[in-house]
Amino acid sequence: MNAPAPNSFRNGPDETGHFGIFGGRFVAETLMPLILSLEKAYNEAKVDPAFQEEMRSYLTHYVGRPSPLYFAERLTQHLGGAKIYLKRDELNHTGAHKINNVMGQILLAMRMGKTRIIAETGAGQHGVATATVCARFGLKCVVYMGAVDVERQKPNVFRMKMLGAEIVPVTSGAHTLKDAMNEALRDWVSNVHDTFYCIGTAAGPHPYPGMVRDFQAIIGHEARAQILEREGRLPDALVACIGGGSNAIGLFHPFLDDKDVALYGVEAAGHGLESGAHAASLTGGRPGVLHGNRTYLLMDEDGQITEAHSISAGLDYPGIGPEHSWLHDTGRVKYISATDKEALAAFQLLSQLEGIIPALEPAHAIAKVLDLAPTMPRDALMIVNLCGRGDKDIFTVAEHLGGMD
Amino acid sequence: MPFEEAHRFGDLMKSRIENRFEHVRAQKRAALVTFIMGGDPDLETSFQIIQHLPKAGADLIEIGMPFTDPMADGPAIQAAGLRALAGGQTLKKTLSLVERFRKDNQDTPIILMGYFNPIYIYGVEAFLKDALHAGVDGLIVVDLPPEEDDELCKPALAAGLNFIRLATPTTDDKRLPKVLTNTSGFVYYVSVTGITGSAIADHSHVADSVARIKAHTDLPVVVGFGVKDAATAEKVARGADGVVVGSALVEVVRASLDQNGKATDKTVAAVETLVASLAEGVRRVTK
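Protein chains in written order, with our numbering: chain A, 83 to 487; chain B, 796 to 1082.
To be clear, the hints were calculated from the coordinates, so they are not data collected in a lab. The reader is advised that the hints may include incorrect statements.
Label pairs and their calculated CB-CB ranges [as the list claims (entries may be wrong)]:
#: 1; chain 1: B; residue 1: 919; chain 2: A; residue 2: 484; range: 25 to 33 Å
#: 2; chain 1: A; residue 1: 307; chain 2: B; residue 2: 945; range: 35 to 43 Å
#: 3; chain 1: B; residue 1: 847; chain 2: A; residue 2: 483; range: 45 to 53 Å
20 Å max Cα-Cα, derived DMTMM-like pairs, lysine to aspartate or glutamate [claimed, not checked]:
#: 4; chain 1: B; residue 1: 888; chain 2: A; residue 2: 382
#: 5; chain 1: A; residue 1: 122; chain 2: B; residue 2: 942
#: 6; chain 1: B; residue 1: 888; chain 2: A; residue 2: 384
#: 7; chain 1: B; residue 1: 887; chain 2: A; residue 2: 121
#: 8; chain 1: A; residue 1: 122; chain 2: B; residue 2: 899
#: 9; chain 1: B; residue 1: 969; chain 2: A; residue 2: 121
#: 10; chain 1: B; residue 1: 888; chain 2: A; residue 2: 383
#: 11; chain 1: B; residue 1: 887; chain 2: A; residue 2: 96
Quick reminder that beta carbons are idealized off the backbone N, C-alpha and C, glycines included.
With the rest of the complex left out, here is chain A (with noise of 0.2 Å):
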């Protein structure tokens, strides 16, 4: 598929909420009207100073930014290719990305005046960022989670619980991350009143692809500055891991106009594409409508949504975010995919030359950057997203590698 090049490939979403075709307002007319308050009150926000300024603070004193741009110099010897730069969104509090966005939607519900937040999540770190910040602000939070999430995960579940918020495990559907979502959308159509959804990627109804990207991008524009500060140029390439998408959309919106500079989005392959287990909605999916927004999706040829599978519960979704089935039907992103196994190699591999432990979602990332950066030059600059910390998933690991002896 090949949309037209626009003359720049940062001013999506448009007033409708599309990026080409994809994104829109899908949604049961019970939340239309809240989804438009959402809109406004988002639009007014984006140009408040004293909005902004309060983010600003919160993200330095208690998230922890800006997040360092750390040279993994063995890696790079060990790869003999590109200089690999990581971004350490792990290092945040609460150990990932997700807490960016959680803050802005927040502080966003509280200018609204809602006083009950719920959230979906699948591998627990949207869940546990969200459990976080409404303990900070001391807001009611209820978390929606697949059952099958709820028993792979839990040391997260643990954590929401201490931080105070309901957990309420699904057992509709497949019990996983999509079921979970569909779940939340069913609590906030029978609560708008009081009831803000904290939606953990950049997905769903507009205008929650474009504001996540947003409060993600201070990823993008850290990197940035970073890159330029220590290198005094733009990097060749970034790479990111792919489930909804939130992070590599954060790191790569504000490169998208830097023609030179290559971006790769690593969605999860499970046990290869060619399996059919696997969560790569853009390599093995086509556009359809779920959730709220138009996207590539796994499913079969009545429409119906398929599950996906990966080793990775933060990546096992059957959708992505509309802005990257954009980015990749205008050719502006590559994307590319990294299997359970090519995951956990990566896992390992980080683990004993970084002391980094990384999680599984941006283990994929590395994954691919081990092809990649031996195929590049050695004055050539590489950043890759490492969204998150893999406390959670040691566990998952050692029943793969067959235990921790």
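Please arrange chain B on chain A, whose structure you already have, making use of the hints.
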């Protein structure tokens, strides 16, 4: 029922939905609108159910197009959709149900209700053509608000199908005209901010809400959510042009199935019995 024959003399220039509401109005009562999930628990049983609905007292029939991710539906309709999908239901088969029904019934309006993705994947143009050919009268697509009218609403109206919109308690007077533009056939007022199957706490607001909508439109206003028996149907009928029943009917289907989720000889009769009782409840109110 005599009204089935009487109805044949309805104005042929008008749509089946218009004729049906005129006919019901002439009987000084509210219409009974019944929802059944297409293919639940299997294609043949759901055909039998639908075929028997008019005789049991249903005035209009909504057939659910099952979808894996029905974000505005409660547990009862979610489960019905999953039963249908497990039984191999597809959009093509749902259209075939309508086509079979139309062989013996030219009067009862059929409205297909569901979510956009299966239609989008079928192809909007092909779907509208096949739906018209099958004898479908209208569409209710939950995740297509007026903001997305270019997707299906406008092409459907141009093709001659009714596009029925949901109005909700959150649809305020400022937004109502936007929701009612491009709405045809009737307006479906969702009486609670909630998912299907949610109970209405207080039926006394129904008449006020309907009056609020009627200030903006001449279309009939039907009310759904929370109607489960003759008594609740009667209460809602007092304030509305029609009463929609969905979750209670798919629950009756579920309760009639055997241990393996297969239809039994009780399934069709159980639905008929509840519909007859609901029709009786609706008819207790003279308008």
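Hint check results:
Checking the proposed 25 to 33 Å range against residue 919/B and residue 484/A shows it is violated: the Cβ atoms sit about 52 Å from each other. A beta carbon spacing of about 41 Å between residue 307/A and residue 945/B agrees with the range 35 to 43 Å that was offered as a hint. For the pair residue 847/B and residue 483/A, the beta carbons lie near 60 Å from each other, so the given range of 45 to 53 Å is not met. This hinted pair checks out: residue 888/B and residue 382/A have alpha carbons roughly 15 Å apart, not beyond 20 Å.
Annotation: proposed proximity of residue 122/A to residue 942/B holds, straight-line Cα distance about 15 Å (limit 20 Å). With a C-alpha separation of about 11 Å, the suggested pairing of residue 888/B with residue 384/A holds against the 20 Å cut-off. Distance check on the hinted pair: residue 887/B and residue 121/A sit about 38 Å apart at the alpha-carbon level, beyond 20 Å; violated. A C-alpha spacing of about 52 Å is found between residue 122/A and residue 899/B, which places the hinted pair above 20 Å, so the restraint is violated.
For the suggested pair residue 969/B and residue 121/A, the alpha carbons sit about 17 Å apart, so the restraint of at most 20 Å is met. This hinted pair checks out: residue 888/B and residue 383/A have alpha carbons roughly 14 Å apart, not beyond 20 Å. Between residue 887/B and residue 96/A, the direct Cα distance comes to roughly 35 Å. Violation of the 20 Å bound is thereby established for this hinted pair.
In terms of the numbered hints stated before, the structure departs from hints 1, 3, 7, 8, 11, listed from lowest to highest.
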